[in-house]
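Please model the entire structure based on the sequences and the hints provided.
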Amino acid sequence: MFDSFIDSLPEKVRSTNSFEYGTKFRTKESALNYKYIEVSQYLKKQIIIDIDRPGAAHDWEDRNLPAPSWIAINPENAHCHYCYQLNTPVVYTEAGRRAPQQYFEAVDNALTNYLDGDKGYVGKFTKNPLHPSWKIIKHFTSYDLSEFQEYIDLTPRRKSTELKFDIEGRNSTLFNTLRFFAYQIVKKHIRYEQFKSEVEDRGFEINLEFDGWVDGQLYAKEVLQTVNSISKWTWKNQHLLDKHVNRGVMNLPDSMPLQEKQTASAYYSHEVRTKTVLESIIESVKALKSQGTPITQQSVSIHSKCSLLTTKKYWKQVASMFNLYIYSNT
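First residue of the sequence shown: 610, per our numbering; consecutive thereafter.
The hints are simulated quantities; they were obtained by calculation from the structure and are not laboratory data. Predicted, not measured: the structure shown is a model, and the values here were computed from it. Think of the CB as a built atom: it goes at the ideal place given N, C-alpha and C, for glycine as much as any other residue. Mixed in with the good hints there might be a few duds.
[As the list claims (entries may be wrong)] Computed cross-link-like contacts, PhoX-like style, restricted to lysine-lysine with a CA-CA straight-line distance of at most 20 angstroms: (1) LYS654 with LYS830; (2) LYS830 with LYS733; (3) LYS733 with LYS797; (4) LYS830 with LYS633; (5) LYS797 with LYS841; (6) LYS733 with LYS621.
[What the hints assert, rightly or not] The calculated label-pair distances, taken between Cβ atoms and stated as ranges, are: (7) LEU917 with ASN683: 38 to 48 angstroms; (8) GLN758 with ILE911: 36 to 46 angstroms; (9) GLN907 with THR697: 40 to 50 angstroms.
Pasting the structure below:
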């Protein structure tokens with residue numbers, strides 16, 4: 610059974626014995642000697658559910674779910690990872706099709722909900738089933754994605770976070786959300802590897818929120834590129850950061866290049882402007898839905914007191930968020 614798991618791993622794979630000390634790329638052969646190992650984010654062949662409560666190893670039976678391919682149990686606290694091995698990997702590169710990705714995400718979300726798993730777990734690192742630290746229960750089975758619909762309702766129910774959506778799309782939403790997160794946490798870290806690891810985890814958590822968008826999640830490569838860019842810049846420039854991100858309030862040093870001052874000011878202005886306009890429109894849509902009022906560009910414009918032109922500018926994003934039809938202003 611584990612031959613298929615091993616074959617699914619990249620030749621260079623990250624692993625660790627403790628996330629406190631960060632992760633490191635190693636050869637597959639070497640990485641398999643560590644407690645935690647990263648599964649492929651490009652060819653996803655496992656659905657992994659993280660269950661942070663004791664005694665959950667047999668919950669799949671109590672809840673009439675299919676048997677996991679294996680369960681890796683921490684003997685110290687009885688927390689576990691369920692792993693469902695897939696017969697065919699789901700491609701998460703530019704060559705991948707959105708339909709199989711959506712199916713994968715729906716099954717992942719549903720199993721997480723049915724098993725009361727950790728909704729913040731992003732499915733990157735798993736307990737290495739070959740490591741002696743874990744107790745392993747094996748069921749010698751693998752699945753086609755279509756088989757899960759016999760057991761679970763695939764209607765999305767992932768708990769949403771308070772993500773601030775950027776009208777320019779997913780990449781901008783990820784960038785703007787993640788960089789402010791990085792600004793807030795950088796000074797609590799003394800090692801870059803730990804800081805970057807926390808930023809990366811948050812980046813993949815944000816990416817999960819794109820499940821409900823028309824285009825779905827970003828490719829893992831795009832998330833990692835954004836993580837690398839933000840982590841490097843923030844670590845290098847942390848002495849310039851302040852809780853107030855604008856030139857007047859920050860009292861930035863005179864020695865700071867004008868371009869960097871302008872960039873910091875632009876970040877702040879963009880954040881405030883986007884939050885004010887988009888959140889106003891979002892709140893209006895929520896209010897109209899609760900009233901049973903038809904949601905059109907015209908009704909949202911009137912309720913939010915935003916111009917029709919501004920409402921149209923944000924409409925595609927808002928429609929995607931609330932699964933609306935792309936109505937005109939009638």
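Quick rundown of the hints versus the structure:
1. LYS654 with LYS830: With a Cα-Cα distance of about 17 angstroms, the restraint between LYS654 and LYS830 holds, given a limit of 20 angstroms.
2. LYS830 with LYS733: Holds, at roughly 13 angstroms.
3. LYS733 with LYS797: Violated - the C-alpha atoms of LYS797 and LYS733 are around 24 angstroms apart, more than 20 angstroms.
4. LYS830 with LYS633: holds, 17 angstroms
5. LYS797 with LYS841: OK: LYS797 and LYS841 at ~16 angstroms, within 20 angstroms.
6. LYS733 with LYS621: With Cα atoms ~14 angstroms apart, LYS733 and LYS621 stay inside 20 angstroms; holds.
7. LEU917 with ASN683: 38 to 48 angstroms: violated, 56 angstroms
8. GLN758 with ILE911: 36 to 46 angstroms: Taking Cβ atoms as reference, GLN758 and ILE911 lie about 42 angstroms apart, which means the hint holds.
9. GLN907 with THR697: 40 to 50 angstroms: With a Cβ separation near 47 angstroms, GLN907 and THR697 satisfy 40 to 50 angstroms, so the hint holds.
Figure legend: structure checked against the earlier numbered hints; hints not met, in rising order: 3, 7.
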